[in-house]
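From first to last, the protein sequence lines are chains S and V.
Just so you know, we're using the numbering used here here: the first sequence kicks off at 1 and counts up by one.
Just so you know, we're using the numbering used here here: the second sequence kicks off at 1001 and counts up by one.
Take these hints with a grain of salt, some might be off.
As the list claims (entries may be wrong) - Capping the alpha-carbon separation at 25 Å, the derived lysine to any residue pairs in SDA-like fashion look like this: (1) LYS1202/V x LYS133/S; (2) LYS1205/V x ALA3/S; (3) LYS32/S x ASP1139/V; (4) LYS1202/V x GLN136/S; (5) LYS1202/V x ASN149/S; (6) LYS1202/V x ASP144/S; (7) LYS1202/V x LYS214/S; (8) LYS1202/V x ARG69/S; (9) LYS1205/V x ASP1139/V; (10) LYS1202/V x HIS1180/V; (11) LYS1202/V x ARG1168/V; (12) LYS1205/V x LYS214/S; (13) LYS214/S x GLN136/S; (14) LYS1205/V x ASN96/S; (15) LYS1205/V x PRO124/S; (16) LYS98/S x ASP1171/V; (17) LYS1205/V x MET1/S; (18) LYS133/S x ASP144/S; (19) LYS98/S x LYS133/S; (20) LYS32/S x PRO47/S; (21) LYS1202/V x THR151/S; (22) LYS1202/V x TYR67/S; (23) LYS1205/V x GLN175/S; (24) LYS1205/V x PRO47/S; (25) LYS1202/V x ASP1171/V; (26) LYS133/S x ILE188/S; (27) LYS98/S x ARG1153/V.
Bear in mind the hints are in silico, worked out from the structure with no lab data behind them.
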Amino acid sequence: MQAVEGAVIACAGLGSRLGMGMPKCMIELEEKTVLSRLIESLRPLVPRIHVVVGYREELIVAHCAQYHRDVVIVRNPDFRTTNTAHSIHLGSIGMNSKVLYLDGDLIIDPASLRSFVSRGTERPLLIGVTRSKSSQAVFVTVPDGNVMNPTMIDAFQRDTATPWEWANVFIGSPQLLKAGTRYVYECIEPFLPCAVQMIDLHEVDTPEDLEQAKAWLLSHSSSTTA
Amino acid sequence: MNASETSNTAFCFDLDGTLTTTEILPCIAAELDVSGEVATLTRLTMDGLIPFEDSMRLRTLILGQVPLVQVHEIIASVPMAPSLLDFVQSHPNNCFVVTGNLDIWIAPLIAQLGCDVFSSHAVLTDAGMVRLDNILAKDEAIQTLRATGRFDRIVAVGDGANDAPMLRAADIGIAYGGVHLPATSAMQAANMIINDAETLCKLLKAL
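Looking at chain S on its own, in the form it has when it is part of the complex (with noise of 0.2 Å):
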């Protein structure tokens, strides 16, 4: 068992695909941010969130002054030439064992996120995955045929379809994003086959996705109030 010592939070990036002229993190869903959310629902679960800015950073950085003045924003300047796994390598500053590594554009079920951060202590390496829905997939094959209830990966794959896409989270060591030139799931594929947890999550990365996670959003909170 190895606790949790942080989240690292990856908002830099210029979100060109959604086309609003601010940071995905920042778009409002039933009047809150996107990074609003993920701050609430990680702050029960580790004691430090590093969140990582580049693409219109002002807005973050001010969204942080007055909502959440205890997490550690680190700026990535070079965000227009440089992609994700360079940003949660500077984010990693300051963080020594295990850290959980999420997009700033993912709208996560909080007792989805609290169970796969329990499970992250129990592994060297815990991958996230959800259903396959967004229209960028990155998706997995499982090699033990449990396809309704996985529990490991054996590959990432852009061009063949399966029913699980990479979530765009997990947990593991700082030391994984030393080379911070490639995309995050290519960072961690020399480690497949390993340990995968599903995680319930919606990202937002096109207006489509903004649509299907915002019903996701109106129906989840509707089960959950009723």
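Starting from the known structure of chain S, arrange chain V on it as the hints suggest.
Just chain V, lined up with the frame of chain S:
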């Protein structure tokens, strides 16, 4: 034992509005009933709208009228962020105050902190006037510290426009907004932005 106790890291802190939870010079100015004016001048300086050197000379000229004993009494009562004070006092050999404030004014605070200081230098003349001899360039303080060869890594923390060169010269620059939002130029020069003293201390201990 945490990481910062085992590594050769120097931690450089701005004083006014970083270690102290209020700006010091407007407190002294209250003695002359010009605290509002000096606070405005301090704010404009923090934001980089007036060169720090010009502003410091002007503020010294005004505040030099307050007797030194009185200045020391005022400064000794300026509150400091408890967690940062504790961090500095627990790591006196690794911590440094880097301030544009005057050595003859801040002596009581430095004694309380128990660490070394880089500051502007002034003397009290026989006529009882404060004569400003040298205004600290904060990036030069970092270079001086680096030249000693004592440290593998230098971390700097500050909030004002005059801290930007120090944040840029350090290996890790932290714009700190515990008292007010850091100056834009300080944020642009920094690797990180932190708005809370406890959060800052947690990070410094983990570095």
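The hints, checked one at a time:
A hinted pair counts as satisfied when its Cα atoms are at most 25 Å apart, and LYS1202/V with LYS133/S does not qualify at roughly 39 Å. Restraint check for LYS1205/V and ALA3/S: the C-alpha separation of about 18 Å stays at or below 25 Å, so the hint holds. Taking the CA atoms of LYS32/S and ASP1139/V, the gap is about 41 Å. The hint is violated against a cut of 25 Å. Proximity of LYS1202/V to GLN136/S is assessed by CA-CA distance (about 37 Å); at most 25 Å being required, the pair is judged violated.
With a CA separation close to 39 Å, the supplied pair LYS1202/V and ASN149/S exceeds the 25 Å bound. Proximity of LYS1202/V to ASP144/S is assessed by CA-CA distance (about 43 Å); at most 25 Å being required, the pair is judged violated. The suggested pairing of LYS1202/V with LYS214/S is violated, with an alpha-carbon distance near 36 Å, which exceeds 25 Å. Note on LYS1202/V and ARG69/S: the hinted pairing holds, with a Cα-Cα distance of about 14 Å set against a maximum of 25 Å.
Of the supplied pair hints, the one linking LYS1205/V and ASP1139/V holds, its CA atoms being roughly 24 Å apart against a limit of 25 Å. A hinted pair counts as satisfied when its Cα atoms are at most 25 Å apart, and LYS1202/V with HIS1180/V qualifies at roughly 20 Å. A distance of roughly 22 Å separates the Cα atoms of LYS1202/V and ARG1168/V; the hinted pair therefore holds under the 25 Å criterion. Our distance criterion of 25 Å between C-alpha atoms is broken by LYS1205/V and LYS214/S, whose separation comes to about 40 Å.
Our distance criterion of 25 Å between C-alpha atoms is met by LYS214/S and GLN136/S, whose separation comes to about 18 Å. The suggested pairing of LYS1205/V with ASN96/S holds, with an alpha-carbon distance near 12 Å, which does not exceed 25 Å. Using a Cα cut-off of 25 Å, the hinted pair LYS1205/V and PRO124/S holds, with the two alpha carbons roughly 24 Å apart. The hinted pair formed by LYS98/S and ASP1171/V meets the criterion: a straight-line CA distance of about 24 Å does not exceed 25 Å.
Simply put, LYS1205/V and MET1/S have alpha-carbon atoms about 23 Å apart, close enough for the 25 Å limit, and the pair holds. Annotation: proposed proximity of LYS133/S to ASP144/S holds, straight-line Cα distance about 22 Å (limit 25 Å). Between LYS98/S and LYS133/S, the direct Cα distance comes to roughly 29 Å. Violation of the 25 Å bound is thereby established for this hinted pair. Annotation: proposed proximity of LYS32/S to PRO47/S holds, straight-line Cα distance about 22 Å (limit 25 Å).
Distance hint between LYS1202/V and THR151/S is unfulfilled; the C-alpha atoms sit about 35 Å from each other, more than 25 Å. Of the supplied pair hints, the one linking LYS1202/V and TYR67/S holds, its CA atoms being roughly 19 Å apart against a limit of 25 Å. Pair hint LYS1205/V plus GLN175/S holds up; C-alpha atoms about 19 Å apart against a cutoff of 25 Å. A C-alpha spacing of about 13 Å is found between LYS1205/V and PRO47/S, which places the hinted pair at or below 25 Å, so the restraint holds.
Between LYS1202/V and ASP1171/V, the direct Cα distance comes to roughly 18 Å. Compliance with the 25 Å bound is thereby established for this hinted pair. Taking the CA atoms of LYS133/S and ILE188/S, the gap is about 22 Å. The hint holds against a cut of 25 Å. Straight-line distance between C-alpha atoms of LYS98/S and ARG1153/V comes to about 23 Å, which keeps the hinted pair within the 25 Å bound.
Checked against the numbered hints given earlier, this structure breaks hints 1, 3, 4, 5, 6, 7, 12, 19, 21; the rest are met.
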